[in-house]
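**Q** Quick note, the sequences are listed as chains E and G, same order.
Under my numbering, think of the first position of the first sequence as 2, with each following residue one higher.
Under my numbering, think of the first position of the second sequence as 1043, with each following residue one higher.
Take the hints with a grain of salt, since some may be wrong.
With the C-beta cut set under 7 Å, the calculated list includes, among others, these residues of chain G facing chain E [claimed, not checked]:
no. : residue
1   : Arg1102
2   : Gly1103
3   : Val1105
4   : Asp1113
5   : Leu1118
6   : His1137
7   : Leu1146
8   : Gly1147
Incomplete in silico selection of chain G near chain E, CB under 8 Å [stated by the list, open to error]:
no. : residue
9   : Pro1117
10  : Asp1136
11  : Arg1148
12  : Leu1162
The set of hints was computed from the structure by calculation and includes no laboratory data.
None of these values were measured; they are calculated from a predicted model.
For every residue, glycine included, the Cβ atom is placed at its ideal position computed from N, Cα and C.
Residues per chain are reported as follows:
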Amino acid sequence: MTDTSEGTGGLKFDKSKRRWPNEINIFLALILIIVIFEVLGQALPYMRGQSFLFDTNDRFDTIFNEARLKIIILQVAIIGIIALGVTQVIISGGIDLSSGPLVAATAMIAMSFAQTELVNGNPNPKAVFGLWAMDLPVIVPVIVGLAFGAMIGAINGTFIAVFRIPPFIATLGMFLICRGIALWWTAGRPVSFPTEGFKFIGSDMMPVVWFLLLAVLFHIILRYTVYGKHTYAIGSNEDAARMSGINVRRHKILVYTIASTLAAFAGIVLSAKSATAQAGMGEFYELFAIAMAVIGGISLQGGRGSIIGTVLGAMVLGVIRSGFTYIKLDGSYQLMAMGGIIIAAVLLDQWRQKSGTKA
Amino acid sequence: MSNDIILETRDLTKYYGGVHALEGADFVLRKGEHVAIMGDNGAGKSTFVRQITGVEQRTRGTVVFDGEEVDFAGPLDAREAGIEAVFQTLALADHLDVPDNLFLGREKTRFDWLGPFRFLDYKQMRKETIDGLNKTGVKIPNIRNTIQNMSGGQRQCVAIARAATFHSKLTIMDEPTAALGVQETAQVENIIRTLKEQGESLILVSHNMRQVFDLVDRVVVFRRGRICANLDIKNETITGEDVVSYITGAKTGAEFEGAA
């Protein structure tokens, strides 16, 4: 992006007044956190001088600890896909709590159209439907899953935009409904044994590939398209958006539909990765997705935030989780520490906003 | 009807329940004319503006705009017909910059076949923004600044520039300088003069007597929901004191005898 230097009225564009992009702060925080874990690994007595990032085993093909990096980004990728949608919802001034259970419901539904007929020569013990639903082309479960997600999102959006139910309440209701659907679909039994084609969606590093592709796509959409501009405008001043001729209702429905479709896709990827679907999947995913966006500098009042921020927020959360495991911090402490870090991130951001407007 | 009239209202009336906020307003605005609407608080000035701009639906009466009888369902209809309004609440998106706000809802785009995902033509919008600001004489140091980082005067200028940039047939400003300092007020008044030179019609709602006498051709005074005076201040010897006595009710225009 080029900046115009031809200010009007004889005044020039003042480069020194350009604001320091928030994303750079998060990136610096990310590096700082990695350094802290690296130092802790060297300093803590029980770690015996291990390294967080670098491979200290006698391997010469790579200097980085590839296994750890893989774990970090794999952990991040699937929730990150949800966070891309949640980011758009929050920028538009809303919130989406239904994404976690939607992951589970979509996983159950998609998986039941992705099963193989024979497992080791025997009929599939977890079959949900009859033979007609066995060994379908991989496109079928994907389309069914995404369509289900889009439908849930459209319902969310309709209740919020047309019937004016607060987003928190509407998506809280959908949170319970989706968890119910996930349990009802097979009366609580897991769905397993997918086709090879379906497994491929979540195999190896595929979740990361999906996450990065979608992140680039939605970065472009939010930054350079009318959809993106209107999303920011609605979150910034809904009345102004309406007065300017934006169809706010239709736009909000579209935002929630896209967000839920992304969450549904995360459900497909998760079930493909685990090669099974269970009604309890995706617990707390909606909250972690929101946390990623929040660490990424989004404003819950709407109008502010970016996909780059959310991707960095996702990396921060991934590094923290992985780092805590690395220094062998107990799971209970991990949750407490992560909660504290999320609150600290918002505090820092608020302080930065305040000092930013004064300057 | 002669076609140099841009806006005419006949018997324009608005009741809010039992409150008669506006009663039988007959109003005429010629092309290129600048008219001020004055009156005490609650006299019906803003109500009048809200009926013409389609923000509210009138109880009865007709509005003729540019030779055609119109019935705007909302402010959008009015804007599409060519009425640009600057409201007291500025209707700007705080997190967006100047070109974004100017073009909000009517963006310049490319690849239109992409529907809602069509691409914004930032370059063209910036260029037209600068042209528009130059045309209206609005001075904003940095158009890439977001509205939240601007002073009240700058915000007002953006809102007015938005109304003035789009070759509207009629611009309506509801107390554009009410919250501004001296310098900022002067800038807004300069914009209004530029509009006059360019022959654009304007309705200015204002409490500021000096401003009104400096800027407009004619003053229409509202009192208790009715028009009570129509004063040709450019051609007749009318003082501020006269206007005040119309506003307060000490005097009533001859043709409006019998009104409130």
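**Q** Now tell me if each hint is right for this structure.
**A** Each hint, compared with the structure:
Contact between arginine 1102(G) and chain E, as hinted, is not supported at the beta carbon level, the nearest pair being about 25 Å apart and thus beyond 7 Å. Violation of the interface hint for glycine 1103(G) is found here, the shortest Cβ-Cβ separation to chain E being roughly 24 Å, above the 7 Å cut-off. For the restraint placing valine 1105(G) at the interface with chain E, the shortest Cβ-Cβ distance is roughly 19 Å, beyond the 7 Å limit, so the hint is violated. The beta carbon of aspartate 1113(G) comes no nearer than 18 Å to any beta carbon in chain E, farther than 7 Å, and the hint placing it at the interface is violated.
With its C-beta approaching chain E no nearer than about 5 Å, leucine 1118(G) sits inside the 7 Å limit, and its interface hint holds. Hint status for histidine 1137(G): holds, given a least beta-carbon distance of 4 Å to chain E, under 7 Å. Interface restraint check: leucine 1146(G) against chain E, minimum CB-CB distance 4 Å, threshold 7 Å, status holds. For glycine 1147(G), the suggested interface contact is upheld, since its CB lies about 3 Å from the closest CB of chain E, less than 7 Å.
The interface hint given for proline 1117(G) is met, as the beta carbon of that residue sits about 6 Å from the closest beta carbon of chain E, less than 8 Å. Because the closest C-beta pair between aspartate 1136(G) and chain E is about 5 Å apart, less than 8 Å, the hint holds. With a least beta-carbon distance of about 7 Å to chain E, the hint placing arginine 1148(G) at the interface is held under the 8 Å criterion. For leucine 1162(G), the interface hint holds, the least distance from its beta-carbon to any beta-carbon of chain E being 6 Å, beneath 8 Å.
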